[in-house]
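Undergrad: All chains should be built: construct the whole structure from the sequences, respecting the hints.
Protein sequence lines, in the order shown, are assigned to chains Z and Y.
Per this note's numbering, residue 1 is the first one in the first sequence, and the count goes up by one each step.
Per this note's numbering, residue 1 is the first one in the second sequence, and the count goes up by one each step.
Because the hints were derived from the structure by calculation, they are not lab data.
Any given hint could turn out to be false.
To be verified - Simulated pairs of lysine to any residue, SDA-like, Cα-Cα distance not exceeding 25 angstroms:
1) Z/100 <-> Y/14
2) Z/100 <-> Y/45
3) Z/110 <-> Y/2
4) Z/100 <-> Y/96
5) Z/100 <-> Y/114
6) Z/42 <-> Y/82
7) Z/1 <-> Y/87
8) Z/100 <-> Y/17
9) Z/42 <-> Y/42
10) Z/100 <-> Y/7
11) Z/100 <-> Y/86
12) Z/110 <-> Y/41
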Amino acid sequence: KQEVTQIPAALSVPEGENLVLNCSFTDSAIYNLQWFRQDPGKGLTSLLLIQSSQREQTSGRLNASLDKSSGRSTLYIAASQPGDSATYLCAAILTGGGNKLTFGTGTQLKVEL
Amino acid sequence: SQTIHQWPATLVQPVGSPLSLECTVEGTSNPNLYWYRQAAGRGLQLLFYSVGIGQISSEVPQNLSASRPQDRQFILSSKKLLLSDSGFYLCAWRADSRSSYEQYFGPGTRLTVT
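TA: Here it is, written out as structure tokens:
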């Protein structure tokens with residue numbers, strides 16, 4: 001059974017700092033990995049999806065990497081802003097049977113002025 | 001462009017009452033549809049998914065059920081709610097394509113069972 005872990009559970013940084021969020025998964029036979037952002041009381045916003053054949057994806061100040069051999073993915077946020085404050089979730093996508101997502105428990109990020 | 005709707009946004013129901021949550025997707029055809037639950041202090045849990053009309057797969061045994069009466073409509077139901085059914089219910093869709101794996105989520109329904 002796939003298990004996804006995110007460390008740290010919570011993180012507080014000053015504005016402008018670069019930061020890294022970590023995601024670990026137990027089954028390296030994942031097909032893809034997707035990163036989401038969730039604001040309090042809201043649904044999930046998709047940030048990046050990395051296919052198993054890729055090693056990283058970039059969108060603006062966000063860069064996500066995937067290392068299947070070590071069972072790890074990282075989300076790098078450059079020049080953090082208060083608007084980046086949210087919970088960040090990673091999810092491993094398994095092949096077949098509807099391409100189901102297995103979610104981590106998230107990292108709650110607070111970027112302070 | 002595609003959009004996903006969920007209603008109601010919030011719901012307070014007594015224990016033992018029935019439940020019906022609705023999710024609809026616009027701007028796409030034959031999407032894969034998913035119901036997730038996010039309970040307090042717990043991660044997101046997949047409840048049901050559907051690859052087509054009338055095709056429902058259940059991930060977690062519980063007193064909930066799902067139906068897909070139309071291509072872009074997904075309904076989550078219960079005949080008798082339990083306190084443990086409280087949580088944030090999220091619907092998601094994915095394009096029916098071998099090259100598209102990204103899932104997109106709706107705004108969610110906050111359910112409180114009292």
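Undergrad: Confirm or reject each hint.
TA: Verification of the hints:
Taking the CA atoms of residue 100 of chain Z and residue 14 of chain Y, the gap is about 31 angstroms. The hint is violated against a cut of 25 angstroms. Restraint check for residue 100 of chain Z and residue 45 of chain Y: the C-alpha separation of about 10 angstroms stays at or below 25 angstroms, so the hint holds. Only pairs whose Cα atoms come within 25 angstroms are accepted, and residue 110 of chain Z paired with residue 2 of chain Y is rejected, the gap being roughly 31 angstroms. A C-alpha spacing of about 13 angstroms is found between residue 100 of chain Z and residue 96 of chain Y, which places the hinted pair at or below 25 angstroms, so the restraint holds.
For the suggested pair residue 100 of chain Z and residue 114 of chain Y, the alpha carbons sit about 31 angstroms apart, so the restraint of at most 25 angstroms is broken. A C-alpha spacing of about 23 angstroms is found between residue 42 of chain Z and residue 82 of chain Y, which places the hinted pair at or below 25 angstroms, so the restraint holds. For the given pair, residue 1 of chain Z sits about 24 angstroms from residue 87 of chain Y by alpha-carbon distance, which is consistent with the 25 angstroms threshold. Distance restraint check for residue 100 of chain Z and residue 17 of chain Y: the Cα-Cα separation of roughly 30 angstroms exceeds the 25 angstroms cut-off, and the hinted pair is therefore not satisfied.
For the given pair, residue 42 of chain Z sits about 16 angstroms from residue 42 of chain Y by alpha-carbon distance, which is consistent with the 25 angstroms threshold. With a C-alpha separation of about 23 angstroms, the suggested pair residue 100 of chain Z and residue 7 of chain Y falls inside the 25 angstroms cut-off, and the hint holds. Straight-line distance between C-alpha atoms of residue 100 of chain Z and residue 86 of chain Y comes to about 23 angstroms, which keeps the hinted pair within the 25 angstroms bound. With a C-alpha separation of about 18 angstroms, the suggested pairing of residue 110 of chain Z with residue 41 of chain Y holds against the 25 angstroms cut-off.
Violation of the numbered hints given earlier is confined to hints 1, 3, 5, 8; the remaining hints are satisfied by the structure.
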